[in-house]
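Modelling step: build the complete structure from the supplied sequences, incorporating the hints.
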Amino acid sequence: MSTRIEITGLYKALAGQVVLDGIDLTVPPGELTALLGPSGSGKTTLLRMIAGLDRPDRGAVLFDGEDALARPARERGVGFVFQHYALFRHMTVARNIGFGLAVRKVPQARIEEKVAALLRLVQLEFLGGRYPAQLSGGQRQRVALARALAIEPRVLLLDEPFGALDAVVRRDLRRWLRRLHREMHITTVFVTHDQEEAFELADRVVVVNGGRIRQSGTPMQLYREPADSFVYRFLGEANEVPCRIENGFVIADAGFPLGRASVRTGNGTAYLRPHQLMVRPEETGAWRITEVVASGPTSRIGLARGGLSLEASLATGQVLALGLEAKMTVEVEITGGMVVADTAATPAPLLPASRLARPHLADRRVELEG
Amino acid sequence: MASNVLVAALPALPAGGVRARRVLIGIAIAFIALFLVLPLSVIFAQAFSLGAGAYAAALADPDVRAALLLTLGIAVIAVPLNTAFGLAASWCLARFRFRGRGAIVALIELPLSVSPVVAGLLLVSLFGRSALLGGFLESHGIRVIFAVPGMILATLFVTFPFVARELIPLAEAQGSEEEQAAITLGASGWQTFLRMSLPKLRWGLLYGVLLCNARAVGEFGAVSVVSGAVPGQTNTLPLEIQTLYDGYRVQAAFAAASLLAGLAIVTLVLKAALEWRHRDELRATRRAHIP
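In order, the protein sequence lines correspond to chains S and R.
Per our numbering: the first sequence = residues 1 to 370.
Per our numbering: the second sequence = residues 1001 to 1291.
FYI, nobody ran anything at the bench for these hints, they're computed from the structure.
Take the hints with a grain of salt, since some may be wrong.
Selected chain S positions facing chain R (Cβ under 10 Å, derived; list incomplete) [claimed, not checked]:
(1) R48
(2) V78
(3) F80
(4) Y85
(5) F88
(6) R89
(7) M91
(8) Y131
(9) S136
(10) A148
(11) I151
(12) R154
(13) L157
(14) S262
Predicted, not measured: the structure shown is a model, and the values here were computed from it.
All C-beta atoms in this analysis are idealised placements derived from N, C-alpha and C, irrespective of residue type, glycine included.
Structural data, given as structure tokens:
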């Protein structure tokens, strides 16, 4: 019963501005896919086009091979959960959920049965008689979801489903939705700008920017092999280090080696995630701690060397154990990262140079090989 | 609901504040008593000044009866027409952005800023016997000015903005996301309007219709210019009251006026009863709106 969504060459311009610039995307049946991108990237427009709430200028949307664009939104069998839920405020929760069945002239008894089942599913059994304004944000979200599920949609679409909720509710709902999807197996696409949300929920993440798909794959694939620096930066915090590459050795413009890469020579940029920097106290170390900011279980450490500033993140417990504090001299080991050479189309992983702990040695080797 | 939270969050007033509050409330009550309650009681006192028998006799007068029927008849035509117009205008203006939209919004308000007498004269200049349109209609046996059609037109013009004005800001504030949700759930355009847009607007619609009706029933200026004031034929209740008063039949005039006042009171009571019956829903759904 799960539906495959195939999208080809979707293009849309609004007032001379290109919103979607040739989107090709296939969502396999029963899969949970995240459209991840910054605001204005076109991800919501894409979602609305799948639902039939917006029309593309060109391109095709197929549900199991049949042309979805030929059907109006009301006949597409799409469950859409709006960012702000769009609950019918003049109707009780039960009537909200039953609306899709009522307009289909389903007998009242059957509607009541189904609404009761859905209320159980979203764990709101006792709130059927309430009005949306009397519910909390998380409860409204679940009502919106139950309402969308009531019509047994072929495809479930969610626009920033957790955007309007506070952190704790968001986390609980995310896990709950994940479980729900595993049980129901409806082809689901949701839009988010939060990479953590996309990674935790989705089978597959599609990174969208500037109306184009930058990369799509499993969360692990994206994280390990980002297609370009945009994807890399969007998927997590990153230090950007201008560098040059000489015979496979990556050297920061600030004048010290960062590691090795499969790129031969040229200028470029190295990207280092804060957690890829290992910090340990060393009186003869080349780095200096500029600040230590403890924010819960992880701490941010500001590092400086030769005019270059980096940010590392360490478990707060480790920071305490090592006794790290501002103005301390330390050594930094770079355990991984990514290098984008100006000459290369694709990024290369930054590999740790085992001797980096003794930088002058690595420096000498560069000289020798150069 | 938001306002309750706000009130709860206000710090307690100092002692001087309490006195100031009492004084302000006192002034408000005194004002309402002086300008609303007192005149209303005077109307009924004057109407019954010659006893209940005289009151009944005044209301039994065929001219007064004809005036009452004409007034209600005009309202029955004008109010539904302007309701339909107001709904269409708010639906369209809240959903679409187009060139000239601002001008339409401003024009809808025009009858409020134009003196009703001017509105009446405008109709005379259009439909009068010597005017082009009026002459044409007259030659086909249709009389507009100094007849009921003119009075209906005048009432339509004057009560034109009431429903639209009530609904446009409401429809705008509510947006169209709920309608979009209804469509994805399988509702047709008509179902969406009936089950979504209309119920969402229904309280605004009620207030708009009540205001529109009150004005339609009570309109004097515009109607008086086009009516010709023939007792028993083209006198609405407000015009009849003036005719009676000018004829030194003060008690009868007040008796007729008590009908209008009674109409207003019944409307108020009905509105309050409706609000009371649906208080849960109102509390749950009302936003900052509701006059």
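Hints versus structure:
{"no.": "1", "hint": "R48", "result": "9 Å, holds"}
{"no.": "2", "hint": "V78", "result": "6 Å, holds"}
{"no.": "3", "hint": "F80", "result": "4 Å, holds"}
{"no.": "4", "hint": "Y85", "result": "8 Å, holds"}
{"no.": "5", "hint": "F88", "result": "6 Å, holds"}
{"no.": "6", "hint": "R89", "result": "5 Å, holds"}
{"no.": "7", "hint": "M91", "result": "8 Å, holds"}
{"no.": "8", "hint": "Y131", "result": "3 Å, holds"}
{"no.": "9", "hint": "S136", "result": "13 Å, violated"}
{"no.": "10", "hint": "A148", "result": "8 Å, holds"}
{"no.": "11", "hint": "I151", "result": "6 Å, holds"}
{"no.": "12", "hint": "R154", "result": "12 Å, violated"}
{"no.": "13", "hint": "L157", "result": "8 Å, holds"}
{"no.": "14", "hint": "S262", "result": "49 Å, violated"}
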